[in-house]
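As they're listed, the protein sequences go chains A and B. At position 421 of the first sequence the residue is numbered 421 (this note's numbering), and the sequence of numbers has no breaks. Position in the second sequence (first residue = 1) + 519 = this note's numbering.
If you are wondering where the hints come from, they were derived from the structure by calculation, not from laboratory data. Please note that a few of the clues may not be correct.
Chain B residues, not near chain A, derived (Cβ > 10 Å throughout) [said to hold, decoys possible]: (1) N600; (2) L637; (3) E666; (4) E683; (5) I686.
With a cut-off of at most 30 Å between alpha-carbon atoms, the simulated BS3-like pairs for lysine-lysine come out as follows [what the hints assert, rightly or not]: (6) B:K657 - A:K22; (7) A:K426 - B:K657; (8) B:K598 - A:K27; (9) A:K453 - A:K442; (10) B:K599 - A:K347.
Heads up, the beta-carbon is just placed ideally off N, CA and C, and yes, glycines get one too.
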Amino acid sequence: MERRFDMSDFERSLKDHADQFKLVPSKRVWNGIYNNLHPGSKWPSISIAIVLIITLISIGNLNNSPTHSNKNSQLTANNMSGKNESSDQLVDNNSSKKNVFQKHAVSGQFQNTNIISKQPSNSNSKNSFESDADKVSQNIVMKENNNEKISASSLAITDASKNNNYINRNQISFYEPNQEAENNFSNEKGNKEVNTTFSNRNSSIESLPMIQNDLLSETIISFKNEIPVHASFSDFINPFQILPSFNSTVNTASKLITNTDFNSQKATATANVKKIKRKKNKNVEWTFYAAPTIGTVSFSKKGNTTVSSSNVSSVIILPNDPSFGLKRTAKIGFETGAEMSYKIFRKFTFITGANFTYSGYNNMSNLIHPTFASLNFVDRNSISYSKSYVTNYGNGQSPNRIPLTNYSFEVSVPIGLKYNIWGNEKIQINAVSTVGPSIVLKKNAFIISSDGKYYINDASLVRNINLAGHFGSYISFSVNKIKWHIGPDIRYQLLSTYKSYYPSKEHFIDYGIRIGISR
Amino acid sequence: MVQGCLDNLSIAQEALYNRFSPRMLGVCYRYARNREDAEDMLQEGFIKIYSQIRQYHGSGALEGWIRKIIVHTCINVLKKNKKFSDSLDLIHASGIEISENNIPSMLQAKQVVECIRLLPIGYRTVLNLYAIEGFSHKEISAILEIEESTSRSQYTRARSLLEEILIKKKILQKPHETVRMVSMSR
Numbered sequence: 001m002e003r004r005f006d007m008s009d010f011e012r013s014l015k016d017h018a019d020q021f022k023l024v025p026s027k028r029v030w031n032g033i034y035n036n037l038h039p040g041s042k043w044p045s046i047s048i049a050i051v052l053i054i055t056l057i058s059i060g061n062l063n064n065s066p067t068h069s070n071k072n073s074q075l076t077a078n079n080m081s082g083k084n085e086s087s088d089q090l091v092d093n094n095s096s097k098k099n100v101f102q103k104h105a106v107s108g109q110f111q112n113t114n115i116i117s118k119q120p121s122n123s124n125s126k127n128s129f130e131s132d133a134d135k136v137s138q139n140i141v142m143k144e145n146n147n148e149k150i151s152a153s154s155l156a157i158t159d160a161s162k163n164n165n166y167i168n169r170n171q172i173s174f175y176e177p178n179q180e181a182e183n184n185f186s187n188e189k190g191n192k193e194v195n196t197t198f199s200n201r202n203s204s205i206e207s208l209p210m211i212q213n214d215l216l217s218e219t220i221i222s223f224k225n226e227i228p229v230h231a232s233f234s235d236f237i238n239p240f241q242i243l244p245s246f247n248s249t250v251n252t253a254s255k256l257i258t259n260t261d262f263n264s265q266k267a268t269a270t271a272n273v274k275k276i277k278r279k280k281n282k283n284v285e286w287t288f289y290a291a292p293t294i295g296t297v298s299f300s301k302k303g304n305t306t307v308s309s310s311n312v313s314s315v316i317i318l319p320n321d322p323s324f325g326l327k328r329t330a331k332i333g334f335e336t337g338a339e340m341s342y343k344i345f346r347k348f349t350f351i352t353g354a355n356f357t358y359s360g361y362n363n364m365s366n367l368i369h370p371t372f373a374s375l376n377f378v379d380r381n382s383i384s385y386s387k388s389y390v391t392n393y394g395n396g397q398s399p400n401r402i403p404l405t406n407y408s409f410e411v412s413v414p415i416g417l418k419y420n421i422w423g424n425e426k427i428q429i430n431a432v433s434t435v436g437p438s439i440v441l442k443k444n445a446f447i448i449s450s451d452g453k454y455y456i457n458d459a460s461l462v463r464n465i466n467l468a469g470h471f472g473s474y475i476s477f478s479v480n481k482i483k484w485h486i487g488p489d490i491r492y493q494l495l496s497t498y499k500s501y502y503p504s505k506e507h508f509i510d511y512g513i514r515i516g517i518s519r
Numbered sequence: 520m521v522q523g524c525l526d527n528l529s530i531a532q533e534a535l536y537n538r539f540s541p542r543m544l545g546v547c548y549r550y551a552r553n554r555e556d557a558e559d560m561l562q563e564g565f566i567k568i569y570s571q572i573r574q575y576h577g578s579g580a581l582e583g584w585i586r587k588i589i590v591h592t593c594i595n596v597l598k599k600n601k602k603f604s605d606s607l608d609l610i611h612a613s614g615i616e617i618s619e620n621n622i623p624s625m626l627q628a629k630q631v632v633e634c635i636r637l638l639p640i641g642y643r644t645v646l647n648l649y650a651i652e653g654f655s656h657k658e659i660s661a662i663l664e665i666e667e668s669t670s671r672s673q674y675t676r677a678r679s680l681l682e683e684i685l686i687k688k689k690i691l692q693k694p695h696e697t698v699r700m701v702s703m704s705r
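One chain only, chain A, in its complex shape:
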């Protein structure tokens, strides 16, 4: 038939109203167009993400720096040194051992800290501790009496408890090894505040090759027998402008067709344009997932426990010592979050998102009468010290066992890659590996005492920032426009649960089945 010039009122009205209809597209559309037109401009954001990860890892390391303990130790050394020659004779020429009694309520109970440090003394220091030097000297661990160090420390606590008049405010120092680390953290945050300036979008690409117009070519082919090539595109909107009357339509069109060297125009256009691969915005995919997990734990010995000073290394006992006969059971946890994937290469997909993880395990314990228990720590400088707690949890060797749950609830930003092992549009098998920093939102920790007899509750030993790796293999398939992702997932906590001065590494390992959906 004919070009449309005979629109009825119905059709005209439909056209008028349809043309008035407008919809505001979402931001996603322009982002997809922009990323397609300027593919290079997404690298700055990826670079920023990498810098952010490195920063977080650095912060994680600094977060566990116990350098503040050295300052406290130094302060204590200043308080104690040069006061009593007799006490100096008891200790090594370049070192002295000090006890700082710390008394403060923890959950209605007293918590005692016993610090054994090895620092050079400062003879110039003057303080109010002079008159108590003899008393304090009782608490000093003798170099030649290493085996009795814990006993001596306990004795010191007892003596100090009995004689409160030996301790005034000047001598009480609270040992907070992570305080400086936290300061460092805040400083780092301040210093590394990024003024994110995205690179000039215009300058990121010099030029883009033109795209071969497949669509237009097809269109031209379809219309080549009817449409004048030199007609403007707007002519299609209003067919009345193209042909003035029905009778002249066929004749005019025929004349135009005969005068048109369509093939030569098409060839010229084809020669002038280059094909580029068009990346669909569907490269970006959001997946929401959840995974029931079973949380387990593994322990390993830290390297610095082997280089601890000779007189304290014997007190470093690890919680995974088989002689303790401890029993731990797995605990059900969960993992949930949102994952954004962006296809970067043919089979590789960049992955990031937000992930919430609850993970933990149970320590089998038993209730006992409140008693003192101690934990030994080693700082970076191989300086060992102990910390006393009051606890009413035994090591679970008696019949009436109760579970003590060690857990952490974390939010993390995993970043990684997904590799398409096999698949087609409907079903795929992918392998995924991510790593990401995590912030511990909630935590609890029961730690076996150094003698292996008691469990001590001290959540402050748990790191606030950690790093976790995910490994999994998922099968993805589409059902009713919804893409399902199901497969095994393993989460391994890369950094130890506890801060660096705890002489054992603990790593959570979660095994789960991840179920995710995307559109």
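With chain A fixed as given, assemble chain B onto it according to the hints.
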């Protein structure tokens, strides 16, 4: 703006997009199954527009040229969909009376578009191309790769069904016994 797009300036590209995207999304929306599909069509169409803008010589309205590419992008997307092809094959012309007397007077744009979207995809596409875009049945048959008679019958049924919908929705007033309500049996 066009020159900026030729120079691959993102500011000009964004300006062009901001100016024409709402209306073009309205066009896509009439062809698509849902808004997400419409946005995908719009995105694909604009990528083609930017890549082919050298072919626009300024001889006609820019909006018309953009609209043409958008419409053909929509058609290409639909043609990739197997259900669309099936829906076209199912249609056969049959005697359906159409009355020209029922002129919609109080049509609201959104209501009309939503009513159009209630039509089956095959009907809707032909109706869009014929009634709104102004293509002839011959052109439609070439674009959709169907018989010209199929295009006619599709349009006839589409229009009849649309009228029925518009009357049911009380957007279109039923004239005095001039409209035969045609029950569509598929």
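| message | At 10 Å, judged by beta carbons, does I686 of chain B keep clear of chain A as stated? | response | Given that every Cβ of chain A is farther than 10 Å from that of I686 of chain B, nearest at about 12 Å, it holds.
| query | Is K657 of chain B within 30 Å of K22 of chain A, Cα to Cα? | reply | holds, 29 Å
| message | Holds or violated: K426 of chain A and K657 of chain B, Cα atoms, limit 30 Å. | response | violated, 37 Å
| query | Minimum Cβ separation between L637 of chain B and chain A greater than 10 Å? | reply | holds, 14 Å
| query | Has the given pair, K453 of chain A with K442 of chain A, been kept, meaning a C-alpha gap of at most 30 Å? | reply | holds, 27 Å
| Nearest-CB test (10 Å) between chain A and E666 of chain B | holds, 12 Å
| query | Between K599 of chain B and K347 of chain A, is the straight-line Cα distance small enough, at 30 Å or below? | reply | holds, 24 Å
| Cβ separation check - E683 of chain B to all of chain A, threshold 10 Å | Answer for E683 of chain B: holds, closest chain A Cβ roughly 13 Å.
| message | Would the non-interface assignment of N600 of chain B survive a Cβ cutoff of 10 Å against chain A? | response | Fine: 13 Å to the nearest Cβ keeps N600 of chain B off the interface.
| message | So if I understand the rule, the pair passes when the alpha-carbon distance is 30 Å or less; does K598 of chain B with K27 of chain A pass? | response | Holds. K598 of chain B to K27 of chain A sits at ~27 Å (cutoff 30 Å).
Hint violations for this structure: number 7 only, all remaining hints satisfied.
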